[in-house]
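Undergrad: Heads up: the protein sequence lines correspond to chains A and B, in order. The first sequence begins at 1 in the numbering used here and counts up one residue at a time. The second sequence begins at 1 in the numbering used here and counts up one residue at a time.
The set of hints was computed from the structure by calculation and includes no laboratory data. Beta carbons are placed, not taken as given, at the ideal position from N, Cα and C, and that holds for glycine. Fair warning: there could be bad hints in the mix.
What the hints assert, rightly or not - Below, simulated EDC-like cross-link-like pairs (lysine to aspartate or glutamate); rule was C-alpha separation at most 20 Å, straight line: (1) B:K330 with A:D119; (2) A:K330 with B:D119; (3) B:K330 with B:D119.
As the list claims (entries may be wrong) - Covered stretches of chain B, going by a simulated chain A footprint (3 or more residues, C-beta under 8 Å): (4) 127-140; (5) 339-345.
As the list claims (entries may be wrong) - Output of the computed footprint for chain B on chain A, the stretches with three or more beta carbons under 8 Å from beta carbons of chain B: (6) 25-32; (7) 73-87.
There are 2 protein chains.
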Amino acid sequence: MAQPPPAEPGMPEDEVDTPALLIDLDALEHNLAAMQAALAPTGARLRAHAKTHKSPVIARLQAAHGAIGQCVQKVAEAEILAWGGVDDILVSNEVVAPRKLARLAALCRIARVAVCADDPSALPALEAAAEGAGTWLSVLVEVDVGAGRCGMPPGPPAVELAARIAASRHLRFGGLQAYHGSAQHQRRPEERAATLAAATEDTRRTLEQLRQRGLDCPIVGGAGTGTFPLEVATGLWTEIQAGSYVFMDADYARNESPPPFRQSLFVLSQVMSAPRGSGRAVLDAGHKAVPTDSGLPLVWNRPGLRYAGASDEHGLLLAEDAALPALGEKLRLVPGHCDPTVDRFDWYVAVRGGRVEALWPVAARGAMT
Amino acid sequence: MAQPPPAEPGMPEDEVDTPALLIDLDALEHNLAAMQAALAPTGARLRAHAKTHKSPVIARLQAAHGAIGQCVQKVAEAEILAWGGVDDILVSNEVVAPRKLARLAALCRIARVAVCADDPSALPALEAAAEGAGTWLSVLVEVDVGAGRCGMPPGPPAVELAARIAASRHLRFGGLQAYHGSAQHQRRPEERAATLAAATEDTRRTLEQLRQRGLDCPIVGGAGTGTFPLEVATGLWTEIQAGSYVFMDADYARNESPPPFRQSLFVLSQVMSAPRGSGRAVLDAGHKAVPTDSGLPLVWNRPGLRYAGASDEHGLLLAEDAALPALGEKLRLVPGHCDPTVDRFDWYVAVRGGRVEALWPVAARGAMT
Chain A
1 MAQPPPAEPG
11 MPEDEVDTPA
21 LLIDLDALEH
31 NLAAMQAALA
41 PTGARLRAHA
51 KTHKSPVIAR
61 LQAAHGAIGQ
71 CVQKVAEAEI
81 LAWGGVDDIL
91 VSNEVVAPRK
101 LARLAALCRI
111 ARVAVCADDP
121 SALPALEAAA
131 EGAGTWLSVL
141 VEVDVGAGRC
151 GMPPGPPAVE
161 LAARIAASRH
171 LRFGGLQAYH
181 GSAQHQRRPE
191 ERAATLAAAT
201 EDTRRTLEQL
211 RQRGLDCPIV
221 GGAGTGTFPL
231 EVATGLWTEI
241 QAGSYVFMDA
251 DYARNESPPP
261 FRQSLFVLSQ
271 VMSAPRGSGR
281 AVLDAGHKAV
291 PTDSGLPLVW
301 NRPGLRYAGA
311 SDEHGLLLAE
321 DAALPALGEK
331 LRLVPGHCDP
341 TVDRFDWYVA
351 VRGGRVEALW
361 PVAARGAMT
Chain B
1 MAQPPPAEPG
11 MPEDEVDTPA
21 LLIDLDALEH
31 NLAAMQAALA
41 PTGARLRAHA
51 KTHKSPVIAR
61 LQAAHGAIGQ
71 CVQKVAEAEI
81 LAWGGVDDIL
91 VSNEVVAPRK
101 LARLAALCRI
111 ARVAVCADDP
121 SALPALEAAA
131 EGAGTWLSVL
141 VEVDVGAGRC
151 GMPPGPPAVE
161 LAARIAASRH
171 LRFGGLQAYH
181 GSAQHQRRPE
191 ERAATLAAAT
201 EDTRRTLEQL
211 RQRGLDCPIV
221 GGAGTGTFPL
231 EVATGLWTEI
241 QAGSYVFMDA
251 DYARNESPPP
261 FRQSLFVLSQ
271 VMSAPRGSGR
281 AVLDAGHKAV
291 PTDSGLPLVW
301 NRPGLRYAGA
311 SDEHGLLLAE
321 DAALPALGEK
331 LRLVPGHCDP
341 TVDRFDWYVA
351 VRGGRVEALW
361 PVAARGAMT
């Protein structure tokens, strides 16, 4: 059961019911244009990551700013995007369950669909799903370029898997998936550069061996908001999979030399308790509203106020050289991590100049299968 | 938009699509009966906390095992329960927004409803909502018995607020809310006993002063799964607000002398990547499926396997003196914290003896306003 929207178009921001997921439209539009400007002079294209926004509406705005398609992590996200009009979708992740693969193959009727693989033993299920749907699937080989999560080792093992895909009747070799997630959040630019240098070498070597094997590699996908200028500069990556750039978050703000995007995503929260003389106030947004996997949220534009602790439904607010807000006052919080925060809400409340301009569903909220 | 159910009744557990939220019905029923048996010889009644389960179905099972009503933290949760047939609901939390209070007062037509207050300046909005709906609201005074979150100081400030409520035209003084949340998770029984001894003294003193003031106190509410025998033993608390006892989680299991309930809640997850020779496997449940605010999940009944790290959609699985599971294998995870985990899913998959027996909606999933 979806929750009803917490606002109506035209309403002042301060009347929005809390907790609510706000988008600052001016900042969002800045970010869309800034990414377009950053990639325009390069050969790299944007395949934006919908694991961040979970919304065909935002996918459409990204397409209007040059994105050639979307990435997702889950088949259920691919379904929501395809049903919402997105026609080029990469599942930048492995899918092994036959029921999931049948759903993915069914999407080929309405969208161009690709998926990743990192294990030869996964190929029969991919083939069976494509054959069962009377279609073919584009399969990218995920290469572990240092993140130590999924992926084939670079070089011969990845090339061997690509060859098996290319030789299959119902699969096509779509390219390489070469993503280093944790590099996005390494704090110092030198660390990020060193990590990416190693990932680049792995990718270059694998590409060279694919060429030697006579295998065409249409896509090299990867990169995120924290590192994409590095991948772009190599000339190897053809598709940039940044997601967070549309919203940003407190964790990206902690990077030295953070990416050139503005904070556009907030959780609006209300002071629901302000015990006299206690030196604290309590907000109605705890970690059910603002997940804390990447740290606590920040308080926006209120110097001296600190979100100091989260329980399920409460946030503890402390003041240092500042007055505590009064009971009923509303504050914007900057989420520690934009992706899981978006996934907590059914609605985006899009605001501009202090007024609600639009309501957009977080259509793929909870789409985990 | 709600997600479709990941299973059908009669299906073997191993065919359930992942990640999925499982209830082991035998364990759930054990827990329901164990709580009923624990409270039966005492004067305390169970007002189970629906912040844990978010389900009118489970509320009904609790009522069949003696619960006299439900607690919630949010008006939106109260709505889902009332619409689902629960007729006695306490919002064990402060509500200050007029729109929320109007919704709460509207529920008085179909349920007995109460709410907490901890600030005299909050009373006019409560009165206005009750008057506007042509009804009255029962208001409990929340007392800060040491948790340092919401609540009036014990003694005179709490009594003064109770007197103002009792003197109001549209409000009734419903009793005291005296809950110490963090005590539930203190590891050692002696720590929990010491914390509760102080909370008990605060509550006893406040009750005595209410009596001196001539104010009847129909309810003393509080206690949770980790401490309820202590509150019950005092004879002061009339309503026990335990929630987690129906499910349990990895964090409660870390208490010394953990409560006498069985683990009944799991997240079913599948191995989606098992890079050869890497010494790891990757599960399809990361912190979007199993929140990590109270620690990482445990792997159920698979000694030697450890869930060692969560990213958004991936869980890292390591093996110590055990074989790693194969690609496609499904494992049950014990969530670190049951409450936020339940809130990630649209459906409970209720299983018994390896088969799906029922699907129940997590009806108040995302009910945060």
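Undergrad: All hints, please: hold or fail.
TA: So, going through the hints one by one against the coordinates:
1. Of the pairs offered as hints, the one joining K330 of chain B and D119 of chain A holds, with about 17 Å between alpha carbons and a cut-off of 20 Å not exceeded.
2. Distance hint between K330 of chain A and D119 of chain B is fulfilled; the C-alpha atoms sit about 17 Å from each other, no more than 20 Å.
3. Taking the CA atoms of K330 of chain B and D119 of chain B, the gap is about 50 Å. The hint is violated against a cut of 20 Å.
4. With a cut-off of 8 Å between beta carbons, the segment 127-140 of chain B has 0 residues touching chain A; three or more are needed, and the interface restraint is violated.
5. Counting residues of the segment 339-345 of chain B whose C-beta lies closer than 8 Å to any C-beta of chain A gives 5; at least three are required, and the coverage claim holds.
6. A count of 0 residues in the segment 25-32 of chain A with a Cβ less than 8 Å from any Cβ of chain B is obtained; the coverage claim is therefore unmet, three being the minimum.
7. Check on the segment 73-87 of chain A: 4 of its residues sit with their Cβ under 8 Å from a Cβ of chain B, so the three-residue criterion for coverage holds.
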